[in-house]
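Novice: Given next are the chains, with one letter for each unit.
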Amino acid sequence: MSRIRIAALALGLCIFYIAGLRLCVRASEAPVTFNRQIAPILYKNCTTCHHPGGGGPFSLLTYEEARRRGPQLVQVTASRFMPPWLPEHGYGDFADERRLTAEEIALIQKWVSSGMPRGDDPAPPPPHYNTTWTLGKPDLILTIQHPATLPASGSDIFLNFDLPYPLDQTHYIRAMEIRPGTPQVVHHANVLIDRTASWRRGHPDTWRDGVPGMELMVDAGETFDPDSHFLFWKPDTPALVEAPGMPWRLDPGNDLILNMHLKPSGKPETIAAQIGLYFTSTPPSDHPMLLQLEHDTVLDIPPGKSDFLVEDELKLPVDVDVLGVYPHAHYLGRDLQGYAILPDGEKKWLIWIRNWDIDRQSVYRYRHPVFLPKGTTIHMRYTYDNSAGNVHNPNDPPIRVRAGNRSVDEMGHLWLQVLPVNTPPNSPDPRLLLEAAWMQDRLRKVPDDTLALYNLAAVDIAEGKYPDATRIYQKVVSLNPKDARAWNGLGVALENSGDWHSALEAFKKASDADPSLTDAIYNRGKIELDHGTPSDAEQSFRAVLQQSPNDASAHSGLAQALVGEGNQAAAQSEFETALRIDPLNLDALEGLGQLALSQGQPAQAVGLLEKAVQRSPGDSVTRQQLALAYAQSGRYADAGQQLKEALRLTPGDPQVHAMLSQVVEATGDLRQAIAEQQKALLLNSSDADGWNNLGVLEARSGNAAAAREDFAHALRIAPDHAAAKANLARLNTGAKAQ
Amino acid sequence: MRCLRNGWWSAIWHFTASQFVVLLLLHTAALAATAPYGVDLDGHPVMLAQSAAPAIVLFFTASDCPIANRYEPELLRLERKFAPSRVEFWWVYANPEDTAAVVRQHQSQFPGSAHVILDTEQSLVHLAHATVTPEAAIFIPGNGALHEVYRGRIDDRYISLGQERPHAMHHELEDAIADVLARRAVHEPGGPPVGCSIVPLEALSQ
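Which chain is which? The protein sequence lines are A and B, in order. Numbering (our numbering) for the first sequence: 1 to 738. Numbering (our numbering) for the second sequence: 1001 to 1206.
Each hint should be verified, as a subset may be incorrect.
Under the rule of at most 25 Å between Cα atoms (straight-line distance), these lysine to any residue pairs were calculated in the SDA-like manner [what the hints assert, rightly or not]:
| # | chain 1 | residue 1 | chain 2 | residue 2 |
| --- | --- | --- | --- | --- |
| 1 | A | Lys305 | B | Gly1162 |
| 2 | A | Lys263 | B | Pro1045 |
| 3 | A | Lys267 | B | Ala1182 |
| 4 | A | Lys305 | B | Glu1097 |
| 5 | B | Lys1081 | A | Pro264 |
| 6 | A | Lys263 | B | Arg1165 |
| 7 | A | Lys267 | B | Pro1045 |
| 8 | A | Lys267 | B | Asn1143 |
| 9 | A | Lys315 | A | Asp396 |
| 10 | A | Lys263 | B | Ser1085 |
| 11 | A | Lys475 | A | Gly221 |
| 12 | A | Lys110 | B | Leu1161 |
| 13 | B | Lys1081 | A | Asp396 |
| 14 | A | Lys305 | A | Ala403 |
| 15 | A | Lys267 | B | Ala1168 |
| 16 | A | Lys267 | B | Met1047 |
| 17 | A | Lys305 | B | Glu1164 |
| 18 | A | Lys267 | B | Arg1165 |
| 19 | A | Lys263 | B | His1044 |
Everything labelled a hint here was simulated from the structure, so no lab data went into it.
The whole structure should be built from the sequences, with the hints applied where relevant.
Specialist: Structure below.
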C-alpha cells in the first residue's frame, strides 16, 4: 500500500515538472507496470464500459485482457479516440470529464513498448460493476413491448420505442436507468416525455415495434409545461441521478419515448430495452428548463462545401445557471461551438467540439453551474463539411443536404439545461419569459413558424393573457385554415376571454378541419354543458367516446350532461366508468360525491370528495363540496376547516363566507355566523338568499329590527322571495303576539 | 527492458503506399505442398497449397474483435458471390486465445463460413503479413505454393479507429477478387486495415 502511495507521489511530481524541466523523462526510467501505473488509469477511465457485460466491446479489467489490447491501447489513446470525449479541454468545465492527461498517454506507450510487464507490486483491486440495476430494484420498470431485431449489417439505425406510463398516479422521478439489453450495439439513447401520448396516436400501428427516425416531435398540449431534463444514456452512464430538488414528473397518460442509436454488430441482435424509474415523494423545489438554439431553415449545404456555417443566438430575459449542454448534428457537422457574450462583453465558453462525431455524442453536465446574467446572448456557431473529404459524409458523391430527420439529412441544435435564478419574489414563473424569448427568436428566423406561435400562445394562456393568445391563434388559422389544433387553441383562448359563442364556433371549425381531433369535440361539449344545453353536450361527449372509448374525462362529461338532463341513474353509471378508467378522475369523484349527497348518503360522499381534494388540493370548489358533505354528516369542525382552506384559496368568494356562516351557526356560534354572512353580503350585496339567511340569523340572535330590515332587503332585490316573505310575516306575527 | 525477438510492435504500422500501385504476385511465398498451415476445428491440418481453386481468400478474424464481427455478413456475401467461380474463403482465427472451443462458441453466435482455420502457429499470419483483424489476403495456389496477390482491408468503411464512414465507398477486396478472376492486375487497398491487433505468439512467451 505504501509503495503505491510513493509511486503516485512520484508521478505527481513528474507532472508538476514536466512542462519546464522535462525531468520526468529521466526520473521515470523505473519500469512502467500494469499493477503500478496502468491498472489505475484503466480502472479510472476505461473499465466503466470495458468490463464483462459493459458497453465496451471487450474487457480491460485484468492484466491479460489489457495486454491482449496493448498496441490498440497505444493507438486509440494517442489519437484520443479513447476514452470517448469530444469537448475541447478548457472550453467548459464538465463533470466526469473523461480525458487522459498527456502523462497518462505517455505511460501507456511506455508500458507497451517495454513489453507490457505485469510488475511485482500487488495489483490494485479491480472495480466492481453491477450486472443488474445499479441503484437497486427500480420502483417501476418499463419494457419495450415488442423487442426489435437489429440487422446483422448495414448502416447505423435510429429507432424510437413508445413506453406508456402505466400508473394512475403522478410520480416524481429522482433517478432513471436504461438497460438497453445489448449495450454493445447502443451508441446512445434519449428519453422524451410525451405528455399527450401524441406520438403513439400518430403511429397507431407501429409504436410498439420501434419507428425509425433520428429526431421526433411530440405535442406538448395546451398547457405550459416545458421539457426540463436531459434524459440521456450512453454506454458509460450507469444511472441518471437528478440533483436534489430537481426530480422530473410523470402523470397518468404520459408516454416515454426511447430514441436509440443502434450499430449493427455482425449478427442479428435483439433490442429489448428497459427503463427503470426511481420515485421520490418530494416534489421539485427547483424548476429547470431546456432551451434550444438552432437555425435549421438555413441548413442547405451545397455539395462539396467544406465550411458551411450555421449560427443562432438567444438573449436571456432572466438570470440563469446553465447546468448542462447537448450539442447535436448529424454526419456533416464538424466544428460545434457554443458560447455566451455577457452584458459586459465578456465571452464565456459553454462548449467547443472541434471534431464532431455523431457516434460519440453526449450530454455534458457542468462541474459547477455556469451563471449567465439577464441580457447575456447565447451563441451557437456550427460548421458543416459536405465535401468528399469528410469521411462521415453519407453521400458519395456529396449531394445538396438540407435539414431533416433521416441520417442523410442534417441538423444543428444546441440544447441547454438552465435553471432560472435570482427570481424576484411574487414574479411570474421565469420559465415563461425564457420560453417567450426562445419562441420570439424562432419567429425572428421564421415569421410564420407555427410551432413558435403555438408555444407563445401557450405562454400567454399560462399568464392569463387570453386576448393575446386569441390573436396568435387567429394568425395561425389565417395562415392555415385547416389547422385543427390552432382552431381548438383559439377556442380555448376565446372561452377563457369570456366569448363562449365564438369559442363554440372555433371548436366546430376544428372538428370540420379534423373530425378525429377529440379535444375539440370535448371542449365543445364542455361549453354546451356550462351554458345550459346538456342534450347537445351529451351528443358531443358521446361523439368523443365513439372515437376514444377509454377517455375518462369524456365519460365524466357525459355523466354531467346526463345529470343536467335529469337522468341520474345513467349519470351514476358513466361516472363509475370514468373512475374505473382513471381512479382519480376529478370530475367523476366530484360528480359521484354530489350524487351521493343528493341521495342522502353523506358518508359515501365524504369518501369520494376526500379523494377529490387529495387529487386537486388547490381547488376551492372541491373543498366547498367536501365541506358540504362533512356538514351533512354532522362533522362541522371538518367542514369549517375545509371552508377556511377554500377561503385561503379564493379569498373574495362570498359563497364560501355564506357556507362558513351556516357551518358556524350549526355549532351554535351565532355571532360568528352573522359576521360571516355579513362578509358574504359585503362581497355580493345583490344576493336575496343571503339577506334572507342573515335575517334568520339576526332573528335567532334576538335582533328583530335588524332581521326585519334584512328580510325587507331581500324582498327589495327579489319581491317574490317566498322565504323572505314568510319570515317577515312570522317576525311580524311574533312581534304582535309579544 | 527486454528486446523483442521480432519487433512485433512495429507490426502495427500503417500502410501509406500510394493507392494505385499495380501489383501482381506481391509475394511469391514458395511453400512445400505438404506443409500444414493451420488446423480445422477438429484438429486436422488444412493444406491450402493443394487447392485447385482459382483463388483463396483468407479472412483474418478474432472471436473478440467487434470490427471483425461487423464484417462477418460482408465476408459471407462475398463467399456466396464468388462460390460459382470456385473461390475458396477461409475464416482464419489467428490469436492464440481462439481455441477450437472458443471459435465454436463464436461461430454459434456469428454464423460465419464453414471453412475455418485455427492458425495455431501463426504461419498464415506470417505468410500473409497480416497485422490486424479484420484483414484479408488473396492467394493464388499453383505448383504446390501460394502466391499472395492482395493483402489488407476489406473495404474503406473504417479509416482508422474512431473514423468510420456510414457505409463503404470502395469494396477493395471484392474488386481484387474480380480482378484475379479476370486475370487483371490487382490494386492495392487505398488505406491500412483497421481493427484489433493480432496477438503475436511471442507476446505470450514472455
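Novice: Mind checking the alpha carbons of Lys267 of chain A and Met1047 of chain B for me, to see if they're no more than 25 Å apart?
Specialist: violated, 30 Å
Novice: Check whether the Cα positions of Lys263 of chain A and Ser1085 of chain B lie no farther apart than 25 Å.
Specialist: violated, 33 Å
Novice: Check the hint pairing Lys1081 of chain B with Asp396 of chain A against an upper bound of 25 Å on the C-alpha distance.
Specialist: holds, 24 Å
Novice: Do the alpha carbons of Lys110 of chain A and Leu1161 of chain B lie within 25 Å of each other, as the hint requires?
Specialist: holds, 21 Å
Novice: Going straight from one Cα to the other, do Lys263 of chain A and Pro1045 of chain B come out at no more than 25 Å?
Specialist: violated, 37 Å
Novice: Holds or violated: are the alpha carbons of Lys305 of chain A and Ala403 of chain A at most 25 Å from each other?
Specialist: Measuring from Cα to Cα gives roughly 16 Å; hence the hint holds.
Novice: Is Lys305 of chain A within 25 Å of Glu1097 of chain B, Cα to Cα?
Specialist: violated, 48 Å
Novice: Do the alpha carbons of Lys315 of chain A and Asp396 of chain A lie within 25 Å of each other, as the hint requires?
Specialist: Violated, at about 39 Å.
Novice: So if I understand the rule, the pair passes when the alpha-carbon distance is 25 Å or less; does Lys267 of chain A with Ala1182 of chain B pass?
Specialist: Status violated; Cα separation ~32 Å.
Novice: Are Lys305 of chain A and Gly1162 of chain B close enough, with their CA atoms no more than 25 Å apart?
Specialist: At roughly 23 Å apart (the allowed maximum being 25 Å), Gly1162 of chain B and Lys305 of chain A satisfy the hint.
Novice: Hey, Lys267 of chain A versus Pro1045 of chain B, does the alpha-carbon distance stay inside 25 Å?
Specialist: violated, 29 Å
Novice: Holds or violated: Lys263 of chain A and Arg1165 of chain B, Cα atoms, limit 25 Å.
Specialist: It holds: about 13 Å lies between the C-alpha atoms, which stays within 25 Å.
In the structure shown, a violation is registered for the earlier hints numbered 2, 3, 4, 7, 8, 9, 10, 16 and 19, in ascending order.
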